[in-house]
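As a plain string of letters, each chain reads:
2 protein chains.
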Amino acid sequence: MTTPALLLDLEKLDRNIARMGARLEELGGVLRPHVKTNKSIDVTRRILDGAPTRGICVSTLKEAEYFFEHDVRDILYAVGIAPNKLDWAASLKEQGCELKIALDSLEMAHQVARHGRGRGVRHEVMIELDTDGHRSGVAPDDALLIEIADALTDGGASLLGVMTHAGESYNCRTSAELAAISRQERDRTVAAAMRLRAAGHPCPEVSVGSTPTALSVDDLSGVTEVRAGVFAFFDLVMAGVGVCSVNDIAISVLASIIGHQPAKGWAISDAGWMAMSRDRGTASQEIDYGYGLVTDPDGRKMSDLFVGAANQEHGIISGRSGRHASIEDELPVGALVRVLPNHACSTASEFDKYFVVEGDEVKAEWARINGW
Amino acid sequence: MTTPALLLDLEKLDRNIARMGARLEELGGVLRPHVKTNKSIDVTRRILDGAPTRGICVSTLKEAEYFFEHDVRDILYAVGIAPNKLDWAASLKEQGCELKIALDSLEMAHQVARHGRGRGVRHEVMIELDTDGHRSGVAPDDALLIEIADALTDGGASLLGVMTHAGESYNCRTSAELAAISRQERDRTVAAAMRLRAAGHPCPEVSVGSTPTALSVDDLSGVTEVRAGVFAFFDLVMAGVGVCSVNDIAISVLASIIGHQPAKGWAISDAGWMAMSRDRGTASQEIDYGYGLVTDPDGRKMSDLFVGAANQEHGIISGRSGRHASIEDELPVGALVRVLPNHACSTASEFDKYFVVEGDEVKAEWARINGW
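Line by line, the protein sequences are chains A and B.
Going by numbering that gives the first Met the number 0, 139 is the number at position 140 of the first sequence; the sequence numbering is gapless.
Going by numbering that gives the first Met the number 0, 125 is the number at position 126 of the second sequence; the sequence numbering is gapless.
Any given hint could turn out to be false.
Each pair may be met inside one copy or between any two copies, as identical chains are not told apart.
As the list claims (entries may be wrong) - Simulated crosslink set (DSS-like; lysine-lysine; CA at most 25 angstroms straight-line): (1) Lys61 / Lys352; (2) Lys61 / Lys362; (3) Lys61 / Lys300; (4) Lys92 / Lys263; (5) Lys92 / Lys362.
Since the hints were derived computationally from the structure, they do not count as laboratory data.
Isolated chain A, as found in the complex:
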């Protein structure tokens, strides 16, 4: 194996999946795993087998196509559809994929319905809700919600349900904040579904989710599915939010030490920002891990070292609490380290495969896809 390489700790993966599974079983919930984090049929099968689930959620049509080719049929594409993707979406449906798409505007509802009529397919649509001001979606109490649903009743499209993603949960720092945003996500989404039903739209599906809210919610009444993806891997940002510990993080980048600047207390590794990604999600958290936290090559022992700065193929490792006098002895040239990432989705996307490890033994190589 040459470095940098993406490692996936099987024991931690399974433990994280079991935790989410137990949590949802307790609440009577069902998971629709968001596969944007892992983009791998092998990881996704592990989730589908390890927790109460129904179908998957994807962030690109390329993911939808890849997972459908690997026999997953029930797929929600949870990013607002664009006109130039409707032919691709229809083609997947025509091949037998149970694809659901999302939108949040009257104009797109009309375009989708028109496209479906012209093509002879019926697009199944989730209306995206904005329950926390994070980005997209219709406000649950906006008159627009009913107008969009009304536009989806003419043959080329049908309303399947409502969905939201409480993205603001990533900014929570206390369990009280997490509990509040989880309750808000559920309450507002269920309220929107009830408004639609009162207006004569069946609206069978009520989909909510994010890793922080899925692990914090205490009542899923009225919710038909929970979407989450990062929970299977976890990362330093999730540790900062407080929904996991750094010991739960299942992915890491294996790197080699290639040099030093002893006077500065630096070791230079071959995992720069191209390997770790440019994600600096912990910069706004209580503990800023730079481009990642350094552990020993087995991933067992956390160190005081982090990737304090990075260039494309160079990671500059230094002490988090100041200059490391003996770094060249601790990490000589050729030494291996594992680096835990800020953000699992972005770091994993830099690689085309996972080396699946138990301890320091490689058990398998699992391919993943990227791009669009």
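Model the placement of chain B on the given structure of chain A, informed by the hints.
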């Protein structure tokens, strides 16, 4: 074409290459293009044909292998070698690749020489110099420089020359600063080569470079090659450094508008941070372009809009100088925009191909590689 897609403006690419070519011809310099930005044989051939060049420079052995398979033989792998890559490097040499490797420590010099002896190859080595405190490298006046060279004379390795990268040039903001760091890069590298020669080491090669210094240096005496990569595409960071204008930027991401939050003055696009990359290089510059500057779909008209925030597959477009009252009329659902990136290397790496355009017409598709 579905969005997001990576566009490469052929006219701008050719203009940027011609500019670097003219600059080097004027100074009697020769370019070793750094292909870590483009990772595409088609782009690289355009550079090799359009400017005075010799070989290429790569940031990974995967690049070395790919370009060697496409008939480029003279290749400098300019990141400090790691022990687990020496077999791969030797294998490329055995197949006829004129691969040169880099290092900056006595320990690695010994390891490389030992590996070469054991394998029966002679590794050609460039000693990396630190001329500006940016990251790796031996100080040009350090006794270590001669010790490393002495370790490279025993059959398994030979000293080819010295190299540096004035990475601090990215932090320059004035032409005076650029001129100073360019002079420093040349002077210190040439001085190190002279020290080695005085100590009896031939040291034929003297390699310097970065896009800002290559475009600012006024004297290349004693330098045998200049390395630069971003210059062919340029980006918003380079515009902030002052070595190009935003109109010179040859790559962009084509995106679709998928929704709005009219009350906030937001348009939502399908080019989030997965398409733009997480690079926020302009955050520390005079003009912060968020995740990218929005232009019209032809790339001709710059706007006051930028990608102010981003999620994985969502870009939140808003006004740079405040709330955009009419954004939903200016950019209706389904509208296309081009987004100019902060950093060409990181944005291009999110894609596996370039759509090569002249105006808004797609002339070709050029594949690129990623990963290790």
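Against the structure, the hints:
1. Within a single copy, Lys61 and Lys352 get their C-alpha atoms as close as 17 angstroms, and across copies as close as 15 angstroms, so both meet the 25 angstroms cut-off.
2. In this homomeric assembly, Lys61 and Lys362 come within 25 angstroms of each other (Cα to Cα) only across copies, at 24 angstroms, whereas the closest approach inside a single copy is 28 angstroms.
3. When the C-alpha separation of Lys61 and Lys300 is checked against a cutoff of 25 angstroms, the pair qualifies neither within a copy, at 38 angstroms, nor between copies, at 31 angstroms.
4. Taking the shortest Cα distances, Lys92 and Lys263 never come within 25 angstroms of each other, neither inside one copy (58 angstroms) nor across copies (35 angstroms).
5. In this assembly of identical chains, Lys92 and Lys362 lie within 25 angstroms of each other by CA distance neither inside one copy nor across copies; the values are 36 angstroms within and 31 angstroms between.
Of the numbered hints listed earlier, those contradicted by the structure are 3, 4 and 5.
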